[in-house]
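*Asks:* Sequence:
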Amino acid sequence: MKKLQLFSFLFFSFFTLQAQAQTISIVANTWPPYVDKALDGEGLAMKIVKAAFKHSGHTSKIIIEPWSKALNGLHIGAYDVVGAIWKTEERKKELLYSQPYLTNNIVLITNVNSQITFDSLKDLQGLVVGVLKGYEYDDKFMNDPKILKFQANRLTQNLIAIQNGKLDVAIADKRLALYELKNFMGSNSNHFQFLPKRLNSRKLYLATTKGNPKNKVIIEQFNKGLQAIKKNGTYQTILDEFSY
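For the sequence shown, our numbering begins at 271 and goes up steadily by one.
There could be a bad hint or two in this list.
To be verified - Restricting the straight-line Cα-Cα distance to at most 30 Å, the calculated cross-link-like pairs of lysine-lysine (DSSO-like) are:
1) K444 to K410
2) K473 to K416
3) K362 to K486
4) K500 to K324
5) K500 to K307
6) K392 to K473
7) K452 to K357
8) K339 to K392
9) K494 to K339
10) K501 to K473
11) K501 to K419
12) K473 to K331
13) K484 to K452
14) K403 to K419
15) K473 to K324
16) K484 to K362
17) K486 to K467
18) K484 to K467
19) K410 to K467
20) K363 to K486
21) K419 to K452
No wet-lab data here; the hints were simulated from the structure.
Please model the entire structure based on the sequences and the hints provided.
*Replies:* Structure (structure tokens):
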């Protein structure tokens, strides 16, 4: 009788653990060095996300899609979470967010010989400023009609335009800028400078829809895993691997 009870307990425990563990489908768009199939761990953000879920006993499957397709897929339930997203008031209506796991510093880049200074948005009025499609920049910046904005798909396009005198300033996440300067601009990377004051900073999150029946469990498991990898040093090790 005791053996039967022990067997039943072990079987139930095993079944419970198996039910709790799952493969989390994570959708994101290509955004080096945060998300990129060609990078170690599929990028800085994805490596952190996968490490957090792994610590909570889950495996992860990364799916990289164009941004609009990624969000549409999330909303129709094709994916469990979007792995790298900024928080906006509009998105908060439909999405449940994790704790932030990275900070994106949005900086201004210009020619090394430029005399441009930046202290407030007024300093950008009348200038041609390069931005990237799909980014949620500062609302006051985007809505200022006196700041002339040129949209590009890649930061490299804006950097080349600065070199050629077609743009005054480019705006981008600093890690992205450092990555593209190192990997795509070669010896020309010393032709650029970062202005001392950044435009703003944004927190990076993982999120799922409020309609996902597993949403609270998924977010809770990620948050616990994130705190654990910060405590055991894994988080800092990953950050160090993606320094430029």
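*Asks:* Give a verdict on every hint.
*Replies:* Comparing the hints with the structure gives:
Only pairs whose Cα atoms come within 30 Å are accepted, and K444 paired with K410 is accepted, the gap being roughly 20 Å. For the hint linking K473 to K416, the alpha-carbon distance of about 27 Å falls within 30 Å, and the restraint holds. This hinted pair checks out: K362 and K486 have alpha carbons roughly 15 Å apart, not beyond 30 Å. Distance hint between K500 and K324 is fulfilled; the C-alpha atoms sit about 13 Å from each other, no more than 30 Å.
Note on K500 and K307: the hinted pairing holds, with a Cα-Cα distance of about 24 Å set against a maximum of 30 Å. Distance check on the hinted pair: K392 and K473 sit about 25 Å apart at the alpha-carbon level, within 30 Å; holds. Taken as a hint, the K452 and K357 pair is honoured in the structure, with Cα atoms around 29 Å apart against an allowance of 30 Å. For the suggested pair K339 and K392, the alpha carbons sit about 36 Å apart, so the restraint of at most 30 Å is broken.
In summary, the hint linking K494 to K339 is supported, as the alpha carbons are separated by about 29 Å, within the 30 Å threshold. With a C-alpha separation of about 20 Å, the suggested pair K501 and K473 falls inside the 30 Å cut-off, and the hint holds. Distance hint between K501 and K419 is unfulfilled; the C-alpha atoms sit about 42 Å from each other, more than 30 Å. With a CA separation close to 23 Å, the supplied pair K473 and K331 stays within the 30 Å bound.
Straight-line distance between C-alpha atoms of K484 and K452 comes to about 41 Å, which puts the hinted pair past the 30 Å bound. For a cut-off of 30 Å, the pair hint linking K403 to K419 stands: about 11 Å separates their Cα positions. Only pairs whose Cα atoms come within 30 Å are accepted, and K473 paired with K324 is accepted, the gap being roughly 22 Å. With a C-alpha separation of about 17 Å, the suggested pairing of K484 with K362 holds against the 30 Å cut-off.
Between the alpha carbons of K486 and K467 the distance comes to roughly 38 Å, so the proposed pair goes past 30 Å and is violated. Distance check on the hinted pair: K484 and K467 sit about 41 Å apart at the alpha-carbon level, beyond 30 Å; violated. The straight-line distance between the Cα atoms of K410 and K467 is roughly 16 Å, inside the 30 Å bound, and the hint therefore holds. With a C-alpha separation of about 15 Å, the suggested pair K363 and K486 falls inside the 30 Å cut-off, and the hint holds.
Distance check on the hinted pair: K419 and K452 sit about 25 Å apart at the alpha-carbon level, within 30 Å; holds.
When each numbered hint is compared with the structure, violations occur for hints 8, 11, 13, 17 and 18.
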